[in-house]
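Protein sequence lines, in the order shown, are assigned to chains A and B.
For reference, each letter of the first sequence is one residue, going 1 to 162 in the numbering used here.
For reference, each letter of the second sequence is one residue, going 1001 to 1141 in the numbering used here.
Think of the hints as simulated: they come from the structure by calculation, not from any bench.
Every value quoted in this text rests on a predicted model; they were computed, and no experiment measured them.
Some hints here could point you the wrong way.
Among chain B residues calculated to face chain A with C-beta under 10 Å, some are [claimed, not checked]:
| no. | residue |
| --- | --- |
| 1 | ALA1009 |
| 2 | ILE1016 |
| 3 | LEU1023 |
| 4 | MET1024 |
| 5 | ILE1033 |
| 6 | SER1034 |
| 7 | SER1066 |
| 8 | PRO1075 |
| 9 | LEU1089 |
| 10 | ARG1096 |
| 11 | CYS1101 |
| 12 | GLY1109 |
| 13 | ARG1112 |
All residues carry an ideal CB built from backbone N, CA and C; glycine is no exception.
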Amino acid sequence: MGWGARVVSTAIASFICGLIFGFGLLISGMTDPVKVLGFLDILGPWDPTLGFVMVGALAVSAAGFAVAKRRGAPVLASQCLWPARRSVDASLVAGSILFGIGWGLVGLCPGPAIENLATLSPRVVLFVVAMALGMMLQEAWQRLARAARPPVGAAIAEAVDG
Amino acid sequence: MTQFDPTLALLGGALIGLASSLLMLLLGRIAGISGILAGCFDGVGRDKGWRIAFIAGLIAPPLIGSAAGFRLLPPQMPASWMLIAVAGLLVGFGTRLGGGCTSGHGVCGIARLSTRSIAATMIFMITAMIVVAIMRHGVGG
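Please model the entire structure based on the sequences and the hints provided.
Dropping the structure here:
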């Protein structure tokens, strides 16, 4: 496959993956913050939807990832970029707490927030802009920390979980 | 409480799992939405095309549904603009610091039985439950 064909087929494949992902969120009700908060509200009339969505997603992705591991290389790229980090560190804990606070306040995590941009709701636009800003701030902060204290060896290699 | 439909929930979840599987099988990437979005503006020129394509695909379903005659309703959001902005900042900063969100850790990571992802998912889920308990029921407040 030539370079151009590779770029185009990668973009189309990725678009289709996003599309399937988005339909999954939409039909399961996960684009609706009311349903998400209904799951998170364990003291109220509990809505188990999010739990069922996770069970369905985990069953299929565990099988799919097992196939991907057995196959080795992906169809349109040279290698599968599996996350390399193993240890539960302070960043993971602190980041997950901050994310959990934001998620609990509004009921939107990144996927449903982005998908809801389709509604052109000004409140959703504000949320996504603030979210993007938060990501850039974290990136800038991490770069400053890195410059102040250069990390050793492979610690900085492709260190993203998702 | 809005209606709970276990079949649609499982089916929707299965589609999310299918999309995550396909992204790994075809592109060799983890379908972590926060990571995919953050990579769109991290300054590196290459490697952005597939990210933008994925996000375009993610936004498309409500538009397709709308074109097919379904009503496109904006989600119910808090009245306070300040609260929305703060929550958005926390979600953006937190997901990058923690290396992932509901999709990257909660689905892809747990499916790989990653200790980091299982820990992250438990932490952000319990934190969010505590926040909702405080906001709605005044627990501890």
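Requested in this report: Report the numbers of all earlier hints that the structure fails to satisfy, in ascending order.
Outcome: Hint check: nothing fails, all pass.
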